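Asks: Sequence:
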Amino acid sequence: MNLEGKVAVVTGVSKGIGLATVKALLDKGAKVAGWGRTKPDLEHENFYFYECDVRYNESVQQAFDQTFAHLGTHIQILVNNAGLGIAGLLEDMSVEDWHTMFETNVNGIFYCSRLVVPGMKELGEGHIINISSIAGTTGIEQMSGYCGTKHAVRGISHSLYKEVRDYGVKVTCIYPGSVQTNFFDNIDSVTVNDNMMRPEDIASTILHTLESHPNYHHVDIEVRPLMPKGRKTLGKD
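Residue numbers (numbering that gives the first Met the number 0): 0 to 236.
Please note that a few of the clues may not be correct.
In silico DSS-like pairs for lysine-lysine, Cα to Cα no more than 27 Å straight-line [what the hints assert, rightly or not]:
id	residue 1	residue 2
1	K38	K27
2	K120	K161
3	K14	K228
Restraint ranges, calculated between C-beta atoms of paired labels, are given here [what the hints assert, rightly or not]:
id	residue 1	residue 2	range
4	Q60	L233	54 to 60 Å
5	H98	Q61	20 to 26 Å
6	E90	H212	32 to 38 Å
7	T232	Q65	51 to 57 Å
8	D193	E102	28 to 34 Å
9	G138	P227	17 to 23 Å
10	K38	S158	29 to 35 Å
Keep in mind that the hints were calculated from the coordinates and are not lab data. In this text, all values refer to a predicted model and were calculated from it rather than measured experimentally. Idealized CB from N, CA, C, for every residue including glycine.
Starting from the given sequences, assemble the full structure and let the hints guide the process.
Replies: Now the structure itself:
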């Protein structure tokens, strides 16, 4: 897809992967609508922010209506990036925290995707990028709720791409390992460090996927830091 002039929606744009993706798309000439609870520190003639909490269908519908009214065309790109993780043993997890993760990470993808798919099918072109996690491919101790949501993202992505592929619409699921973002602010066992991937790295993968040939479809992309514990050196005898 040639990104010049295309209309893209990115959720969770206040910082991290979302903000890096917005900047990368703007550099390619796209018009970007950022949906999020907090406006990022970004001013650009082609960036439009709409307050949105993806946990709530009414909020997503309002952001969608505003985007369509202001930009006057169907959305061609959706990056479902909004998400969060809360650590804890399953037996200790509060019902509220469990619901918050599923409402954000799973329901949010449903609320956003269902609105853009009809327009993409009508255009015969479109791409939905869902940001899952390595946690969507395995189990992680004390992250059962988060892993559950990201496994759900994988299942939704695989099912949806089979529903829309014959209309020229792509769905790609990306599974990042550790990234230098605020995701770890509430996870005491992990400290953000320079051995993690950068948000810009994930954004570059998203661009590569979007700019692929119309008949070339990335279904799953797993990305990890090369040296998560730093570079090893050869010992001397």
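Asks: Next step is simple, just say for each hint if it's right about the structure.
Replies: Hints versus structure:
Restraint check for K38 and K27: satisfied, since their Cα atoms lie roughly 21 Å apart, inside the 27 Å limit. A threshold of 27 Å between alpha carbons decides the hint, and for K120 with K161 the separation of about 13 Å falls inside it, so the pair holds. Simply put, K14 and K228 have alpha-carbon atoms about 25 Å apart, close enough for the 27 Å limit, and the pair holds. Remark: the range hint 54 to 60 Å for Q60 to L233 is upheld by a beta-carbon distance near 58 Å.
Here the CB-CB span from H98 to Q61 is close to 22 Å, well matched to the stated 20 to 26 Å. Distance hint check: the CB atoms of E90 and H212 are about 49 Å apart, inconsistent with the given range 32 to 38 Å. Between T232 and Q65 the C-beta distance comes to about 54 Å, which sits within the given range of 51 to 57 Å. A hinted range of 28 to 34 Å for the beta carbons of D193 and E102 is consistent with their spacing of about 33 Å.
Distance hint check for G138 and P227: the Cβ-Cβ separation is about 18 Å, which falls inside the suggested range of 17 to 23 Å. The given range of 29 to 35 Å is respected by K38 and S158, whose C-beta atoms sit roughly 33 Å from each other.
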